[in-house]
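**Q** Listed below, chain by chain, are the residues.
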Amino acid sequence: MSATDNSHDHHEEHSHTQLFLMVFLALCALTTVSFLTYFDWWRESVPQKVSWLVMMAVSCTKAMLVIMFFMHLKWEANWKWVLTAPVIFMSALLVFALVPDVFYRMSHASHDRMIYAAERPAEEAHADGHDEAGHEEEAEAARPAA
Amino acid sequence: MSDHHGPNFDYQPALPISNGKTFMWLFLSTEIMFFAALIGTYIVLRFGAIAWPSTHDVHLAEIWGATNTFVLICSSVSIVLALEAAKKNKSSEAKGWMLVTFMLGVVFLGIKMYEYNAKFSHGIYPQHPHSDIYEKPDVYYAQAVRMRVNALKKELTDNTERTPEQDAQLGVLDDIAQKYLDPAERLIRDNPDSVEGRVKIFELADVIYPRASVHEHHGGASHATAENPSPFRLVAAEAGADGGGHGGMPVGLNDEHPWLKLPIMIPGGNMWASTYFLVTGFHAIHVIVGLIAFVFLLLMTLDRASAGVIENVGLYWHFVDLVWIFLFPLLYLF
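Note that the protein sequences, when read in sequence, are chains A and B.
Okay, so the first sequence: first residue is 1 according to the working numbering, each after it adds one.
Okay, so the second sequence: first residue is 1 according to the working numbering, each after it adds one.
Read the hints as simulated data drawn from the structure, not as lab findings.
Some hints here could point you the wrong way.
In silico DSBU-like pairs for lysine-lysine, Cα to Cα no more than 35 Å straight-line [what the hints assert, rightly or not]:
| # | chain 1 | residue 1 | chain 2 | residue 2 |
| --- | --- | --- | --- | --- |
| 1 | B | 179 | A | 74 |
| 2 | B | 112 | B | 95 |
| 3 | B | 261 | B | 154 |
| 4 | B | 119 | A | 49 |
| 5 | B | 90 | A | 74 |
| 6 | B | 136 | B | 179 |
| 7 | B | 21 | A | 80 |
| 8 | B | 179 | A | 49 |
| 9 | B | 112 | B | 87 |
| 10 | B | 261 | B | 153 |
| 11 | B | 153 | A | 80 |
| 12 | B | 88 | A | 74 |
| 13 | B | 112 | A | 74 |
| 14 | B | 119 | B | 21 |
| 15 | B | 112 | B | 179 |
| 16 | B | 87 | A | 74 |
| 17 | A | 74 | B | 21 |
| 18 | B | 119 | B | 153 |
| 19 | A | 80 | B | 112 |
| 20 | B | 95 | A | 80 |
| 21 | A | 80 | B | 261 |
| 22 | B | 136 | A | 49 |
| 23 | B | 88 | A | 80 |
Cβ pair distances, simulated, as ranges [claimed, not checked]:
| # | chain 1 | residue 1 | chain 2 | residue 2 | range |
| --- | --- | --- | --- | --- | --- |
| 24 | A | 99 | B | 256 | 57 to 63 Å |
| 25 | B | 196 | A | 28 | 50 to 56 Å |
| 26 | A | 33 | B | 167 | 54 to 60 Å |
| 27 | A | 97 | B | 113 | 30 to 36 Å |
| 28 | A | 33 | B | 37 | 23 to 29 Å |
| 29 | A | 45 | B | 167 | 53 to 59 Å |
| 30 | A | 97 | B | 88 | 30 to 36 Å |
Note that CB positions come from ideal geometry on N, CA and C, so glycine has one too.
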């Protein structure tokens with residue numbers, strides 16, 4: 001973190017036009033790669049979880065290209081870490097906090113949840129009498145037993 | 001503050017960048033966390049859902065998502081080129097690139113509006129008074145269809161001077177009731193626990209709003225049943241080509257007779273609509289803010305003196321691009 005960090009990066013700022021065009025082409029190519037998963041032959045030959053991984057890897061690569069080159073972070077001095085490191089940490093934490101939720105809910109759905117998934121809004125359910133009332137009684141009866 | 005005491009004292013009072021840039025990066029930091037939370041929540045809801053509609057079930061065409069990705073990447077390049085030109089004090093060239101960026105942003109929003117309209121016109125809204133979405137082919141769905149048919153019919157029969165066109169509409173309504181509704185209701189009434197009644201209601205739902213995932217699958221892959229379409233139902237080969245909406249999409253009663261607006265059945269459709277409109281809506285708001293910033297930039301002289309402002313707006317715009325880079329595969333291809 002010394003002030004000398006930013007002394008060397010000024011003379012690099014001549015013309016990056018060539019470089020930007022390369023990055024642009026790379027981004028287009030990567031978009032095409034994730035779009036390939038759209039086609040039947042891809043879906044038939046690649047397991048879907050592998051496709052998801054490929055797409056996320058492609059997205060992260062594209063994000064890095066944009067951040068490094070278009071947002072100039074490649075050429076910035078060390079101050080960039082002061083601002084980016086906490087954010088990376090925080091958002092990673094945010095996402096990791098959701099991991100148990102994702103995996104628990106992906107692999108397990110209780111009987112109740114399967115049956116009562118996607119009920120209609122309450123006001124509408126109250127509007128039409130018998131059936132729904134019976135429904136709720138059933139649910140009520142099931143709860144203490146469980 | 002105390003610079004004049006020692007000219008050789010190389011003291012940095014803060015980050016070695018302008019206040020504007022510091023602010024922009026701090027702001028982007030909060031934005032990254034904002035969208036990380038939204039996207040994370042989407043992932044939890046989407047993969048925890050018991051049923052989730054395939055993209056074509058909800059009239060989401062991948063080709064438009066890919067086009068919009070391309071548009072935003074182009075706009076990222078053009079704003080970078082605007083900054084480069086401004087740094088070289090080429091004011092008019094910078095303004096040209098800035099105009100290109102602005103136009104690309106408008107194109108993005110235009111495609112987004114077209115996409116939203118494709119959902120709205122099929123009764124897919126995020127919230128109830130507008131939304132026609134039901135999640136299951138059950139008695140409540142059949143009842144909703146019956147009520148809609150009755151309401152339409154009452155409106156027509158109350159009208160004493162009917163045009164031939166309205167008579168034809170009446171015929172369509174009677175047809176639906178006779179062919180699909182009555183048998184389904186009779187079966188459910190006579191034998192509430194039998195499968196046949198539910199199958200009939202499912203057929204009713206399928207006639208009204210045929211879901212692409214169900215119909216594409218007649219070829220016979222093993223994993224998608226009618227009730228629970230596989231999450232990886234991407235494509236009918238030609239569906240992207242459209243223009244009118246149903247290039248290769250199965251056509252239902254709601255498509256044939258737009259005035260019907262019968263309730264539709266999409267398993268997982270409500271949660272899909274909520275997440276889709278929330279996430280893309282927030283992104284679209286960011287695009288609009290970017291466009292407003294571009295308008296202000298276009299009113300300025302984009303020479304070397306304003307390079308700092310262009311850089312900050314550019315950082316924001318790249319971030320908007322960045323978010324879309326993640327949204328595109330998550331919403332369109334997963």
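**Q** Does the alpha-carbon distance linking residue 112 of chain B and residue 87 of chain B stay inside the 35 Å limit?
**A** Between residue 112 of chain B and residue 87 of chain B the Cα gap is close to 33 Å, so the pair holds against 35 Å.
**Q** Quickly compare the C-alpha distance for residue 136 of chain B and residue 49 of chain A to 35 Å and report which way the hint goes.
**A** Holds: residue 136 of chain B and residue 49 of chain A sit about 27 Å apart, inside 35 Å.
**Q** Can you confirm whether the C-alpha distance between residue 80 of chain A and residue 112 of chain B stays at or below 35 Å?
**A** This hinted pair holds, its Cα atoms lying about 34 Å apart.
**Q** Hey, residue 74 of chain A versus residue 21 of chain B, does the alpha-carbon distance stay inside 35 Å?
**A** Holds - the C-alpha atoms of residue 21 of chain B and residue 74 of chain A are around 16 Å apart, at most 35 Å.
**Q** Between residue 112 of chain B and residue 74 of chain A, does the CA-CA distance stay at or below 35 Å?
**A** holds, 32 Å
**Q** Holds or violated: 54 to 60 Å for the Cβ distance of residue 33 of chain A and residue 167 of chain B?
**A** This hint holds: roughly 56 Å between Cβ atoms.
**Q** Is it true that the CA of residue 88 of chain B sits at most 35 Å from the CA of residue 74 of chain A?
**A** holds, 20 Å
**Q** Sort out whether residue 153 of chain B lies within 35 Å of residue 261 of chain B, counting only the CA atoms.
**A** Within the cut-off at roughly 13 Å; holds.
**Q** Check the following: the C-beta atoms of residue 196 of chain B and residue 28 of chain A are separated by a distance inside 50 to 56 Å.
**A** holds, 53 Å
**Q** Against the range 30 to 36 Å, how does the distance between the Cβ atoms of residue 97 of chain A and residue 88 of chain B compare: consistent or not?
**A** violated, 46 Å
**Q** Check whether the Cα positions of residue 179 of chain B and residue 49 of chain A lie no farther apart than 35 Å.
**A** violated, 42 Å
**Q** Holds or violated: residue 80 of chain A and residue 261 of chain B, Cα atoms, limit 35 Å.
**A** violated, 54 Å
Comparing the model with each numbered hint stated earlier shows that hints 1, 8, 11, 14, 15, 21, 24 and 30 do not hold.
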